[in-house]
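Asker: Listed below are the residues making up each chain.
Number of protein chains: 2
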Amino acid sequence: MNLSELPTPALVLDVARVRRNAERMQTRVEQMCARLRPHIKTHKCVEVARLQTSARSPALTVSTLAEARWFAARGFTDLTYAVPIEPGKFAAAIELARECERLALITDDADISAQLNAEARAENVKLDLFLKVDCGYHRCGVEPETPEAFEIPRRIADASHLRFAGILTHAGHSYHSRSLEELRSLARHERDVMVEFAAALRGADIAVPVVSIGSTPTISTVEHLEGVDEARPGNYIFFDAFQATLGSCRFEDCALTVLASVVHRDRTRRKVVIDAGAIALSKDRGAVDADPACGYGRVLDPEGLDLNLRVSSLSQEHGIIDALDDALFDQLKVGTRLRILANHSCLTAAQHPHYNVLEAGRIVDRWQIQRGW
Amino acid sequence: MNLSELPTPALVLDVARVRRNAERMQTRVEQMCARLRPHIKTHKCVEVARLQTSARSPALTVSTLAEARWFAARGFTDLTYAVPIEPGKFAAAIELARECERLALITDDADISAQLNAEARAENVKLDLFLKVDCGYHRCGVEPETPEAFEIPRRIADASHLRFAGILTHAGHSYHSRSLEELRSLARHERDVMVEFAAALRGADIAVPVVSIGSTPTISTVEHLEGVDEARPGNYIFFDAFQATLGSCRFEDCALTVLASVVHRDRTRRKVVIDAGAIALSKDRGAVDADPACGYGRVLDPEGLDLNLRVSSLSQEHGIIDALDDALFDQLKVGTRLRILANHSCLTAAQHPHYNVLEAGRIVDRWQIQRGW
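Going down the list, the sequences are from chains A and B. Per the working numbering, residue 1184 is the first one in the first sequence, and the count goes up by one each step. Per the working numbering, residue 1184 is the first one in the second sequence, and the count goes up by one each step.
Hints are computed from structural coordinates only; laboratory data are not their basis. Be aware that one or more of the hints could be misleading.
It does not matter which identical chain is meant; a pair holds if it fits inside one copy or across any two.
Below are the DSSO-like pairs computed for lysine-lysine, each with C-alpha atoms no more than 27 angstroms apart in a straight line [said to hold, decoys possible]:
#	residue 1	residue 2
1	K1516	K1309
2	K1466	K1454
3	K1309	K1454
4	K1309	K1466
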């Protein structure tokens, strides 16, 4: 099947770019003497996970227990669930931990580590638990200078049914960088904060088995990873318009597009409407700090050529593309196919049931996306 | 099962409110002597469609061919697919039209009506086709004063394998109203434009079987529907924070919430993080014109009491609630359950695999949501 035969809207994955992105990150992290534990929240797909892990080290990071169950059942049994655990998920996590070689959880809350230990004791399992650290993003995590940053790991290490897995952070604030220089500085900071904190913990006689960091912008731009054991980037496998605007990649590295059809044209307003709306694209605005006009995605032709247009607004099943010049307007009839380069590939992929796998101009396969919780 | 036992995040549907919203709209439209053809894009769920249609008139509007197939296979065979048809969907639409009592399509393009007629002739079927009219929203549709507004219906009526079904509009610009008065004025305008245009077509000897209008804000507030045959509101079945802010409903009419758990708390920043993020809630901003601080949803306690807080920002699996006072912060431990009243219920529902049906404080059922295209 080729792109003109695919019903629209449809998610299209350029598998040559996925392979290239996978190899480049694998090489980069290995050269920096760290281990790659990619975050699969970007793709939620077993076939993509196989492309981005080596057979000898199929370690993954997940964002939901549904992802953990799905991947564990398909041979990926070394997992980190990287959202802070809460009591409503203890039973499901313990059930899953029994089936895994290792399912590590994360927390930044002293009460939770105590409650989890009690539950693990009652269930007669021993659980791996990371301390989530705030390296400046201020979403979750303890700040390294605070008493609790020492108290929680000590409690975990002393607990009868927990193993202190190490310290883990995510420099999500790197997504708000306005320049490559700012991004590189944040990447250095993410690493330095964690390496210094690990040294402080070790100085306080707390063993730190793993120092884990990661975001695609910082791992793509950091100069070295000395003192870091593990990197957890996710988005790099597809990249997107946001990452290209930030400087983590080039536009030609972006692997994920949504194929759409023109359903309406308006000569007076020089606009067309496509059948990819808020559900097919997601309403993520992308890199608004760096590019206020980013809209809801960049418009490409079916061969991937950038037409220098954006999807300017979205309703549920309609996307609006305006500011067309005469020549382009005349080409875009109802039924014309376009490809929309996602602003944020993680959110766009999660809107679809499967990838249509594009290789050498043909759709060669369909890969399932595991959504839900 | 009660709300404290449901794994989070989870979509919760208050079925008593759904029934009340369904009955109120049914009565309202019947009293105005029009027929209700609800738009099921809001819920994509057969059980909800049964609650909102009478057994003698199970007519629906759909936004995707996947919805059309799903509902047709479950007894709803009088359907209008209310996104302009494009050639890539002709074959699927014709296949489905054969299985339906009536599947009406819409267009605003003269070339498309000719191409569709040729395809219908080749397939030996006769298709119902509406003219999509722009009543001021300027998303899709022909403007009633233009030559094509008369030429397209005439071509459809004269085509060998098409039936001219009538004229159809959607006053989507009603969602940008800043006051109830402005909304009522738009509602009058939507109706008047269509009634006058139908008269003009009839004056030009073009029979207009059906005048179809509809949006939840306008149908909820219009004074009468004289000259209108059919109303197609959709959102009213759940309503949401957007509609309540606009004045289409009261907050206590809103039936859809997302149950979430606190996963992180930060005393310094007076904020908590919940496990409902951009995927569980959607990134729809809601009624930003009328309420710039609307955020990504209103925060309720498990019983539905409004805590007067908003979800202020979202990442993939994290939602941030800030500006907490001391008393509330002390109550919100990791694991505490909250319910988020969606800004835009259509987009939030489409993020989930099923509804957890809440009745008299208990989860009594699970209803499937038919997503995709």
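Asker: So, for every hint listed, does it hold in this structure?
Answerer: Right, here's what the structure says about each hint:
In this homomeric assembly, K1516 and K1309 come within 27 angstroms of each other (Cα to Cα) only across copies, at 24 angstroms, whereas the closest approach inside a single copy is 62 angstroms. In this assembly of identical chains, the alpha carbons of K1466 and K1454 lie at most 27 angstroms apart whether taken from the same copy (20 angstroms) or from different copies (24 angstroms). For a Cα distance limit of 27 angstroms, the shortest separation of K1309 from K1454 qualifies neither inside one copy, at 60 angstroms, nor across copies, at 31 angstroms. For a Cα distance limit of 27 angstroms, the shortest separation of K1309 from K1466 qualifies neither inside one copy, at 41 angstroms, nor across copies, at 38 angstroms.
Hints 3 and 4 from the list above are not met by this structure, while the remaining hints are.
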